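With chain A held as given, fit chains B and C onto it using these hints.
Going down the list, the sequences are from chains A, B and C. Each residue of the first sequence is one higher than the last, beginning at 13 in the numbering used here. Each residue of the second sequence is one higher than the last, beginning at 66 in the numbering used here. Each residue of the third sequence is one higher than the last, beginning at 911 in the numbering used here.
Hints are computed from structural coordinates only; laboratory data are not their basis. Hints are not guaranteed to be accurate.
To give a feel for the contact side, a few chain A residues facing chain B, derived at Cβ under 10 Å [as the list claims (entries may be wrong)]:
1. Cys105
2. Ala113
3. Asn120
4. Ser123
5. Ser231
6. Phe290
7. Glu338
8. Asp347
9. Leu388
10. Gly391
11. Ala395
12. Gln409
13. Thr413
14. Trp511
Covered stretches of chain A (in silico footprint by chain B; criterion: 3 or more residues with CB under 8 Å from a CB of chain B, positions within the stretch not fixed) [to be verified]:
15. 169 to 178
16. 214 to 228
17. 274 to 283
Listed next, the in silico BS3-like pairs over lysine-lysine satisfying Cα-Cα at most 30 Å (straight line) [unchecked claim]:
18. A:Lys356 / B:Lys301
19. B:Lys291 / C:Lys922
20. C:Lys922 / B:Lys206
21. B:Lys152 / A:Lys405
22. B:Lys301 / B:Lys206
23. B:Lys415 / B:Lys542
24. C:Lys922 / A:Lys356
25. B:Lys428 / B:Lys415
26. B:Lys190 / B:Lys206
27. B:Lys291 / B:Lys301
28. A:Lys442 / C:Lys922
29. B:Lys190 / B:Lys428
30. C:Lys945 / A:Lys405
31. B:Lys152 / C:Lys945
32. B:Lys415 / B:Lys537
33. A:Lys161 / C:Lys945
34. C:Lys940 / A:Lys442
35. B:Lys537 / B:Lys453
36. B:Lys206 / B:Lys415
37. A:Lys28 / C:Lys940
38. C:Lys945 / A:Lys356
39. C:Lys940 / A:Lys317
Please read these numbers as outputs of a predicted model, since none were measured by experiment. All C-beta atoms, glycine included, are put in the ideal place defined by N, C-alpha and C.
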Amino acid sequence: MRRALRADQQDEALTKSVFDTRDSIRAGELTATAAAEDALRQVEQVNPQLDAATEILREEALAQAAELDRRLESGEDPGPLAGVPFTVKSNICTLYGRTSAASRIIENHVSPYEATAVRRLREAGAVCVAKTNLDEFGMGSSTENSSIKITKNPWKTTHVPGGSSGGAAALCSATRGMLHLGSDTGGSIRQPAAYCGVTGLKPTYGRVSRYGLLAFASSLDQIGPLQHSALECALVLEAMAGVDEMDCTSRNVEVKDYVESASRDISGMRLGIAPELFPEGVGSEVRERVEQAIEVLRGLGAEVKEISLPNARYANPAYVLVSAAEASSNLARYDGVHFGHRTKEAEDLTALYKSSRAEGFGPEVKRRIMIGSFVLSSGYYDAFYLKALKVRKLIRQDFETALGEVDAVVCPTSPITAFPIGERMDDPMKLYAVDVLTVPANLASLPALSLPCGLSGDGLPIGMQLYGRAMEDDVVLRIANAFQSETEHHLQAPAVNAWGGEGEA
Amino acid sequence: MCAEKKFDPLENSAYEAVVGLEVHVQLNTSTKMFCRCENRFGAEPNTNVCPVCLGWPGALPYANREAIEQSLRAVLACGCEVGEFSKFDRKNYYYPDLPKGYQISQYDQPLGLGGQVDFFLDGEKAGVQLTRIHLEEDAGKNTHVAGRPVSFVDLNRAGTPLLEIVTEPDISSAAEAGAFLRNLRLIMLYLGVSDCNMEEGSLRCDVNISIRPKGAQHLETRAEIKNLNSFNFIEKALHYEISRQIDLKERGEEVVQETRLYDPERDETRSMRGKEAEHDYRYFPEPDLTPVTFTREQLEDIRSGLPELPVARLQRYTSELGLEDYPAGLLVRDHEAAIFFDACIELYPKARLVANWILNSLKEEANSRKTGISSLGLEPGRFVDLVKAVDAGVVSSQKGRDVLKPMLESDKPVVEIISELGLEQISDDSELREQVEKVLSEHPGPVEDVRAGKKNSVNFLVGQVMKETRGKANPGKVAEMIGEILSA
Amino acid sequence: MSIEVTDELVEKIAVLSRLDLTREEIDGFKEHFEKVLQYVGELQELDTEGVDPSLFTSEASNVLRPDEGAPSLPNEVALRPSPDSEPPYFLVPRIIEDAESSES
Chain A
13 MRRALRADQQ
23 DEALTKSVFD
33 TRDSIRAGEL
43 TATAAAEDAL
53 RQVEQVNPQL
63 DAATEILREE
73 ALAQAAELDR
83 RLESGEDPGP
93 LAGVPFTVKS
103 NICTLYGRTS
113 AASRIIENHV
123 SPYEATAVRR
133 LREAGAVCVA
143 KTNLDEFGMG
153 SSTENSSIKI
163 TKNPWKTTHV
173 PGGSSGGAAA
183 LCSATRGMLH
193 LGSDTGGSIR
203 QPAAYCGVTG
213 LKPTYGRVSR
223 YGLLAFASSL
233 DQIGPLQHSA
243 LECALVLEAM
253 AGVDEMDCTS
263 RNVEVKDYVE
273 SASRDISGMR
283 LGIAPELFPE
293 GVGSEVRERV
303 EQAIEVLRGL
313 GAEVKEISLP
323 NARYANPAYV
333 LVSAAEASSN
343 LARYDGVHFG
353 HRTKEAEDLT
363 ALYKSSRAEG
373 FGPEVKRRIM
383 IGSFVLSSGY
393 YDAFYLKALK
403 VRKLIRQDFE
413 TALGEVDAVV
423 CPTSPITAFP
433 IGERMDDPMK
443 LYAVDVLTVP
453 ANLASLPALS
463 LPCGLSGDGL
473 PIGMQLYGRA
483 MEDDVVLRIA
493 NAFQSETEHH
503 LQAPAVNAWG
513 GEGEA
Chain B
66 MCAEKKFDPL
76 ENSAYEAVVG
86 LEVHVQLNTS
96 TKMFCRCENR
106 FGAEPNTNVC
116 PVCLGWPGAL
126 PYANREAIEQ
136 SLRAVLACGC
146 EVGEFSKFDR
156 KNYYYPDLPK
166 GYQISQYDQP
176 LGLGGQVDFF
186 LDGEKAGVQL
196 TRIHLEEDAG
206 KNTHVAGRPV
216 SFVDLNRAGT
226 PLLEIVTEPD
236 ISSAAEAGAF
246 LRNLRLIMLY
256 LGVSDCNMEE
266 GSLRCDVNIS
276 IRPKGAQHLE
286 TRAEIKNLNS
296 FNFIEKALHY
306 EISRQIDLKE
316 RGEEVVQETR
326 LYDPERDETR
336 SMRGKEAEHD
346 YRYFPEPDLT
356 PVTFTREQLE
366 DIRSGLPELP
376 VARLQRYTSE
386 LGLEDYPAGL
396 LVRDHEAAIF
406 FDACIELYPK
416 ARLVANWILN
426 SLKEEANSRK
436 TGISSLGLEP
446 GRFVDLVKAV
456 DAGVVSSQKG
466 RDVLKPMLES
476 DKPVVEIISE
486 LGLEQISDDS
496 ELREQVEKVL
506 SEHPGPVEDV
516 RAGKKNSVNF
526 LVGQVMKETR
536 GKANPGKVAE
546 MIGEILSA
Chain C
911 MSIEVTDELV
921 EKIAVLSRLD
931 LTREEIDGFK
941 EHFEKVLQYV
951 GELQELDTEG
961 VDPSLFTSEA
971 SNVLRPDEGA
981 PSLPNEVALR
991 PSPDSEPPYF
1001 LVPRIIEDAE
1011 SSES
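If we strip away everything but chain A, and leave its shape as in the complex, we get:
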């Protein structure tokens, strides 16, 4: 099996991948407890600088690990991921720790049930070690909308890690040997992955169960991995994917051996470049790096041709409407009645709702709920929501046509690199703008992956994005893995890291 590692690596720690952790535990060279200790140490080391984890679950992790060691010692096979540590974005329900979605409205919410994706990892033997920070309820592209704290980019701590899975991306970038779950509604896995120099996959809609993921936009959300390599992503996907009897939008499609499929070569694969996905706003360095990356893929035997996605530029406005509308409805349940924050003084029911929600939600969440309520309201539904759904249909058709001519579409993940903290907070529209290249995948329900393809002049990671056909998550993983077998961008260390790797301070 080909791995994204090089035999001539000097630094042992740098080669440590999730596969290493897994194999060592399997071989009896490493105990689950030691692996958990190491993961906790790493997280505890970088968190003061990065603020990536909202909770470090030391006690719970060690308890899980001890139980696993007991089982391993008695000869049991606790599963394919036995002892591998993992972190979970705080908008995904876990039995350990809190599921606050970085919102005051449920800041102390302890979920009495766990998300299916999390359960499947745990049943495979993985150990939950931390919850990670995010933009409140997934709404944002920088993690600055978290009600808890702002996560810093490990490459430059004065810069954002991206969002909304900023905590997961930052933590992934600064540590080794563990799994990270994020969620993606309009780019929330891919964009922070790009900004933090890691690989992030948004699976095909319906590939991974949404049960236990706090809904932002039901028709757009997916849970997915952020890792150092495409193969690691493939490993996580294999463990989580599959139809779920608790989520009827999860699709009954066979779960492939993603790691095996991602390891195959890509000669003859057809890659599409759409000028609409290289719009004017794309920075020159970003453009350059992505174009260089495409050359590498060409060198690996892929054919590159030009395709057209004529309606791509309407994707973001459509996304703004669809996601706000669904969010306004999904967040109606946070009303202070039977869970979450309730205001102290309320003369009547209406006041209870209005005050609890006003006190509990952050500004961006309120804005989106308001927009969403408007979009669905009587008199405006047709002109806004229905119109957006028609545009969505056109975009889906564009991709169907394009992906009939090619196997994958290549483009930048974000027009820019990680920006300084605070730079875009004065105008939310500026934050929406960074999503233009990622939202089409959510609207079209397609798998999409971001992988690092270089650094900018000022040392910030640049991400390249791959779009695939529905349920062909392995194809984008394969292309990414092929790229990662030829290059080292994904092995670069950020300034803040837990293994003493050389990165720019």
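Positioned in the frame of chain A, the structure of chains B and C alone reads:
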């Protein structure tokens, strides 16, 4: 009950009433509409709940196949058009008994459109057009206690599957509304999709009512009356409201579009307090659920498998089986009795006799046990054995009634029970004649009266023979014999 | 469709959203809303005549579950996350029957 003539506000009025009903029927699936909690009434509050019906963060709905199938039966039975495509929509509003802040319902593509329900009103066949039927989830329940500034929320009922049946404003009187509802309820009982128990809330009804000048075609402002949980209240509320609106009109005032509650203690409707804001439900297609589609074949299958409905059944009982209207009506209105009846006459075709026995004896037994006929656990075959025995004169009609209770308590064949209890009629004519002659000799007075032509005395003498024989004589035969002997 | 972003419109939306907004928030939202309307206004350029709206994310239909039960939560667990309860009930301020009542 006093024999008061019910005041009908519409009699001799210049106005007519225009009434439309919104009926909610709780389906009797085993589990709720979108989760696997038990669908049952009467559980301890908040014990029949799960993350899904509690609306907890991260939970998702998953539609119940059986609820859809039951709904389709109802939709087809009511003659609705079923499209090949139907979907769920979210109806967004805030209320403590609505945990998600929206109700999953159906908006523009419901399971059924149009439709019609026929029924009998004062012996005449009538019909009410339906607008639509759709499937949705029920909300929880709020209760209050006097003197405390709180409300108690119980979410057990949240998520129960609910069929909403909307009529056209096709109904023109309280009596018609009552007849329609009773028949709709019966239809649901025959279909087996709901137990339609108004006390338990598995059948609820809201009423929309306006009035207009007699003969007019347009619709005037209407009021809505909610919270009606018995057929009786519905009719009373309608009566009151029609009067109220006529009064207003006659005084030159306008009817206000509003929601009113019926107060059974005062027998009046009252305006609900608070603003009458137009709800903006912001309906949109439910993204967490897939649409449902049906083929023509599937729908045909269901349609052909529907049980016989009340109106058709009544017609069969009267025209084909020769039952009188009254007993036929009684049977049809008790669906367990009707189904039992059908099973019995397949074994013994004497419809009137069987019907009588069911309505007089069996139903009485069931009523005394406060249960329905099907819960008696009686095989139609055994019941028919009893009817046959009476018909053949093995046991008298009167004594036959005494056989019924023991029949329900054991599995023994009917003839065995009859003989064990010593209830067989005297079948030997000579034995009977002996008894008759004995009685006649003991009652010379009445014998004279009979000879003198007083018919009543025959009954007296028959009665005496029955007494002597401890009921085992066949009264008809006794009377015959007396006549024979005394006319000789 | 040109929309005038008035205080009245914003307050109507705030009521639908059950949000108490400060004067500052209302002003801030008006500004933001106008930008959003302008941004999404671009969609009007696109001719979508005769296009079916994309209502669902896949062709799947009839994904239904059998009518089989699973254990419910114990009352204590159901009430645990609640801000105010009196077992076995959730508690809220007294509901005044008004036109806002639940549909059933």
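**Prompt:** Does the alpha-carbon distance linking Lys415 (chain B) and Lys542 (chain B) stay inside the 30 Å limit?
**Reply:** 22 Å, holds
**Asked** Does the nearest C-beta of chain B fall within a distance shorter than 10 Å of the C-beta of Phe290 (chain A)?
**Response** 31 Å, violated
**Request:** Can you take a look at whether the stretch 214 to 228 of chain A is actually covered by chain B? Rule is 3+ residues, C-beta closer than 8 Å.
**Result:** holds (count 6)
**Message:** Holds or violated: the hint that Ala113 (chain A) contacts chain B, with Cβ atoms closer than 10 Å.
**Reply:** 7 Å, holds
**Interface hint status, Trp511 (chain A) versus chain B (Cβ within 10 Å)** = 34 Å, violated
**Request:** With a cut-off of 30 Å on the C-alpha distance, tell me whether Lys922 (chain C) and Lys206 (chain B) pass.
**Result:** OK: Lys922 (chain C) and Lys206 (chain B) at ~28 Å, within 30 Å.
**Request:** Identify whether the interface hint at Thr413 (chain A) stands, where standing means a beta carbon of chain B within less than 10 Å of its own.
**Result:** 24 Å, violated
**Prompt:** Should the hint that Gln409 (chain A) touches chain B count as held when the rule is a Cβ pair under 10 Å?
**Reply:** 19 Å, violated
**Prompt:** For the pair supplied as a hint, Lys152 (chain B) and Lys405 (chain A), is the alpha-carbon distance within the 30 Å limit?
**Reply:** 18 Å, holds
**Item:** Hint consistency between Lys356 (chain A) and Lys301 (chain B) [alpha-carbon to alpha-carbon, up to 30 Å]
**Value:** Distance of about 44 Å is beyond 30 Å: violated.
**Prompt:** Keeping to a limit of 30 Å between CA atoms, is the pair of Lys415 (chain B) and Lys537 (chain B) held or broken?
**Reply:** 24 Å, holds
**Asked** Once the shortest beta carbon distance from Leu388 (chain A) to chain B is found, is it less than 10 Å?
**Response** 4 Å, holds
Checked against the numbered hints given earlier, this structure breaks hints 3, 6, 11, 12, 13, 14, 15, 17, 18, 26, 31, 36, 37, 38 and 39; the rest are met.
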